[in-house]
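Enquirer: Letter by letter, the chains look like this.
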Amino acid sequence: MDTAAPAPGATPAVTLPRRAGIGLRHPHVPAFLSGERPDVAWVEVHSETYLVAGGPRLAALETIRRDYALSCHGVGLSLGSAAGLDANHLANLRQLYDRLQPDQISDHLAWTGTGGAYLNDLLPLPLTAETRDVVAINIAHAQDVLGRRLLVENPSLYMPLILPPGVETIPEPQFLADLVARTGCGLLLDVNNVVVCAHNLGFDAAAYLADFPLEAVGEIHVAGHRREAFAPWVGPDAGAGGVVLIDDHGSRVSDTVWDLLAGVLSRTGPLPVLVEWDMDVPPLEVLLGEAAHAQSLLDGVAAHA
Amino acid sequence: MLEAFQQQMQRALLAAGGGEGGAGIDLAPGAVAGARLKIYRANVQQSLAEALATAFPVTLRLMGVPAFRTAALDFVRAHPPTRPQLAAYGGGFPAALAPLDTGAADMARLEWAVMEAYFAADAPVLTVEQLTAFPPGDYARLRFIPHPAARVLWLGHDVLPLWRQAQEDETWVPPAPDAADGEVLVLRPADGIVCVSLPPGAAAAIQSLLNGDMLTQAAEAGLLVEPKLDLQAMLHTLLAQGALASASV
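Heads up: the protein sequence lines correspond to chains Z and E, in order.
Take 0 as the starting number for the first sequence in numbering that gives the first Met the number 0 and just add one per residue.
Take 0 as the starting number for the second sequence in numbering that gives the first Met the number 0 and just add one per residue.
One thing to keep in mind: the hints can contain errors.
Reference excerpt, derived from the structure (chain E facing chain Z, CB under 10 Å, subset only) [as the list claims (entries may be wrong)]:
1. LEU1
2. GLY29
3. TYR88
4. ALA116
5. VAL127
In case anyone wonders, no lab produced these hints; they're calculated from the structure.
Every residue, glycine too, gets a C-beta built ideally from N, C-alpha and C.
Chain E with its partners taken away, still in its complex shape (with noise of 0.2 Å):
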């Protein structure tokens, strides 16, 4: 009984619109227990969608409340959480959010980048000293663990001026961003996040050096984009802004 209760239960409360009263729920028949459904229905949709714009402010700064609300609501009620942490609510809400506003999505994107790396493992930072211990011989081969915050973004939209200004501005309402094709490294150098935006080619090449590839083959897959990339300046960023852990040989 009680499992086909949590099951009927979990269906109502999950349902769309002003929800069918206590129908289909065994133990919940009548108007009162319909009425008094509704309360648990909007604790856990309203709840979810909170948090979904906790974790999206400037997204839903972006769209408005209420296109925002609506695309949280469905959301919710199509992918409510696996676990039991809100910190990592929200992953495929950018994805749900793409067909409807691809300029929200992609700003949608960013936000979760920040979230992830707000919540990422500690790590120890690598220093240019640790670096520059390795003889210069095997620089070509030395590969490095990414410190866990470390995320790069392939974005279509011009988003990071309008996240920048909005943390600035807890008010400011967006304009929708212009379709321009950027990258982003976001990281989290000691308590807070910083945004990078990367010259062409740079993503590539922090990608793959975040795959744990080799600088040799991170470098080509950069130069593959733009022959004129800067790979030491992008070096010097990722060493500046902590987005290295350690380097092996």
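Bound conformation, chain Z alone (with noise of 0.2 Å):
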């Protein structure tokens, strides 16, 4: 009998500190190799970014590694495609994976491109029961060849997709929930997510989270947003879509998102939880300021614990 995958709704390990992290941005990598040890926990990065043979980039991360706990984010499995993984990604991953020993690896619940393309965007999927197999399929593959265990992000999205009458759409937080009884994966809880899809889809942020199965969370994203009231470099009448946030990882974390980090943490007990901010990257002090605002949360959670 397969024992491989854990049985529904246990409660996965937390593999990365209970502590705030940040994203590993190239403008900071010579502060992390100057040997001035900056104060965070633990790092983030891109696994595609280091998808290459060698060079001085994958040597500062190997460095940095040596002294800080290390997750590995996905951007390219594309979790959601229905003609399945790309064997070669995989097997990529797999080697880079073997090579830094990363704490935890993760990835989204989204596509990147269809036919052999990758379009670098995260794109929405349709929450059907057909998804919801497909999905399980990929991740299960996923975490057969690269032996560990991955952690699935929910994304942000930013366009209504109208199902055929007769076809009925699985709410998100039972779609993730019923990936992780199947394939025995964790999630990796979103907060910026949420609340930009709360807005541009038109539902209840804190609502979505009562039904989040924090039990599966391995670790959690903050990260800021933007608005657009209509957004010139797409053409004047887009407009139309009406006010959209945009997930541009690009700002601090907005109090909204502050304020749900919180209430989640108050459920769970302190988490990793991440600062990413991946557009006009701030000095390291700012980002390291965000991060400690995240572990005054973290720590006012554990002392309430």
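Got two chains here, each in a separate frame; can you build the complex from them with the hints?
Expert: Spelled out as structure tokens, the structure:
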């Protein structure tokens, strides 16, 4: 009998420090290599950024990894691909993960291209029973080849998908819980993505989080987003879509996101919390300040535990 | 349904112009979906064009933002990445520039060689001591394993001086390069990139060595191009800049 997958509902191990971490970005790498040991418990990188044969970028990460717990966050598995996963990409990731020995790996509930293309964006999925079957098989495939348990992140969404009559939409928290039950994967809860989706698709963020299977969460993301009343870079009529929140990871974490994070942590106790900042990357001090704020929330719930 | 949806949406995301709204995506009908689809289209096309701008920064300055942007977006739509590694995206871009601007295409070829060299595999470097350990009688039959970063380029424009000055001054706008044949060796000794301007004939000889030919064959290939080629100086350059990983007979 196959006992590889944990029983449905089993509490997954949290493998990163239950403290605040930051996304490691190129402008900050010299500070991490300088010996001054920036004060943060762990760092996360985008796996695909380090899928290179060699050279200084990979060497720098190997050096930093000796001093910090590491999370490798993928953006290219395309777990929602109807055509299945790219075997070459999986093999490359396996090699990278064997080399870096990350404390945790993750990717998204999304697709990134079809027919061999990679579109460099996390694209929306219709949350149907068919999609659930596809994603569950892809997660199992990935976990098998990578030899590691995967955390799956809730995506940020901009466009509502309208299903044909008779095809039922599975609410996202239920969809994710089903994936956990079927594959033994864990979840990465991105609180900013919840706020972005709640606004863009018109649902209540608190209600979503009330339904979220928090017992499966191994990591939390927070980040900044921006408001676009109308987007000149996509044409004047984009305003027909109304005010849209864009998940650009380009600013401080909003108060709404901090408040929701505090609410989640009061239910879960301390978890690894990552501050992501990818666009207009600020000085390291600013990012560490955001991480310190996350840490203060973690310390608050730890004190009450 | 999922597969058809993904094919439809990918077509819409790679479409040119302002886009046709959600037309053609069964699951995204109506004006709102059409407007929102443009967010995804912009994310996809602009982020990939930005990846090209990151890989070809001097080419961008040479062409100017509007011309580069147009060329990059055309390339992105016609040739999206085939794997999720942006560091490996753009190898076909120089050839796509050639019909538009041959000087910019040569600059792009140089920048792509630099990119490839930067991310090439690590390898030990062949030392003078290791080479002189071979008996002199073996020299003619020596074959080399090149360092994975080493690349030889035959360029039709004098782009290397412009590229060098652009590294020194990040705001400098290079002029159009002069049409002139030039041969360049791109290497990654230690952590940095080095571009060496080669004397006539050296490119042919070095490429022959990188292909795994014997030293005598490489010498012949070089001397065929330039009878006065200084083979000893060439070999010295290769050793000094870490172009070779190992040697065997």
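Enquirer: For every hint, state whether the structure bears it out.
Expert: Structure-based check of all given hints:
no.: 1; hint: LEU1; in the structure: holds, 4 Å
no.: 2; hint: GLY29; in the structure: holds, 8 Å
no.: 3; hint: TYR88; in the structure: holds, 8 Å
no.: 4; hint: ALA116; in the structure: holds, 8 Å
no.: 5; hint: VAL127; in the structure: violated, 24 Å
Checked against the numbered hints above, the structure breaks only hint 5 and satisfies the rest.
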